[in-house]
Amino acid sequence: MRVGFIGLGAMGLPMARHLVDARHDVTVTSRSRGPIDAAVAAGAIDGGTHDEVVRASEVTIVCVPGSSDVVDVLDAAMPALGAGKIVVDASTIDPDVERAQHERVTATGTRYLEAPLSGGTVGAEQGTLTLMVGGDAGVLAAARPALEPFAGTIVHVGGPGSGHIVKLCNQLLYAAQMLATAEATTMAAKAGVDLRKLHQVITHSTGDCNAIRTASCSRVWCPTVRRRTTGDRAS
Amino acid sequence: MTDLMAKDLDLAIGFAARADAPLFTSGIVRQLLSAASGAVYGRDDFSSLGKVVRQLGGV
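Just so you know, the sequences run in chain order A and B. For what it's worth, the numbering used here labels the leading residue of the first sequence as 1, then goes sequentially. For what it's worth, the numbering used here labels the leading residue of the second sequence as 1001, then goes sequentially.
Read the hints as simulated data drawn from the structure, not as lab findings. Small disclaimer: the values here were computed from a predicted structure and weren't measured. Ideal placement from N, C-alpha and C gives every residue a C-beta, glycine not left out. All the pointers check out, no bait thrown in.
Negatives, chain A to chain B, calculated, CB over 12 Å:
(1) M1
(2) A22
(3) G48
(4) E58
(5) V71
(6) M78
(7) H156
(8) S205
Selected chain B positions facing chain A (Cβ under 10 Å, derived; list incomplete):
(9) M1005
(10) K1007
(11) D1008
(12) A1012
(13) R1018
(14) I1028
(15) V1029
(16) R1030
(17) L1032
(18) F1046
(19) V1052
(20) L1056
(21) V1059
Ranges of calculated distance between the beta carbons of each label pair, as one might list FRET restraints:
(22) B/A1017 - A/G48: 39 to 45 Å
(23) A/S68 - B/S1034: 19 to 25 Å
(24) B/R1018 - A/Q200: 39 to 45 Å
So here's chain A without its partners, still in its complex pose:
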């Protein structure tokens, strides 16, 4: 499949590499030169401008930081949009802005999905990202070959905007876990409890959660303890 990738950041570059490894013809662009060169070294094609990337592709994936970035990308891509193409926005932006992009892109004849991600840079490197997809099920079925190379779990959540609601739910859950982890470690540290023992108990108790596991020892828990080699990376 001819796949375009716009936005080769910490997530986008490894995702684009997985697409190349999956033997898609991958055309890319990004804000800075370095990631484009890295993607080209991995086998992608430098597409130049946003509309050229879309023109060269059947499915174009967008992965940029914020609402205004997505709007700017789609503004630039407009001349190339039309029937026979799919655009997938993997960014995390304002749900209402995303719904508006669904509308204006589908009005051109191009089909559209939102697919915000979870799994962090580790998930992107390992190709195990979770995609929470909003849009039409048929469009997801058509775009799947361009998503599976970097995804471990793909869930069709519902219509436009719904993928973003679920993403924001995940972020609020993880934020609450981060805070509770910080509170628990502070209380334990003040009481002179060995934080490694605390970690050992909590990971086998009802307080267990992703934040506890991904923050283990290298960060909140034991900042003075030498980092372990496995399982220490946050998502």
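Once you have looked at the hints, place chain B on chain A.
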């Protein structure tokens, strides 16, 4: 993790306000991330949040 968590919490809080969905912890975490950023604890949200809470606890 970078300061993408602060950005995502702003989105969650903004949307929750429009949806009338109560969010308590997100608001607190967002303010603590601002405090961490002000204290120049670096771009790692998780460890900078931990540093702020530990400092508040006098650890």
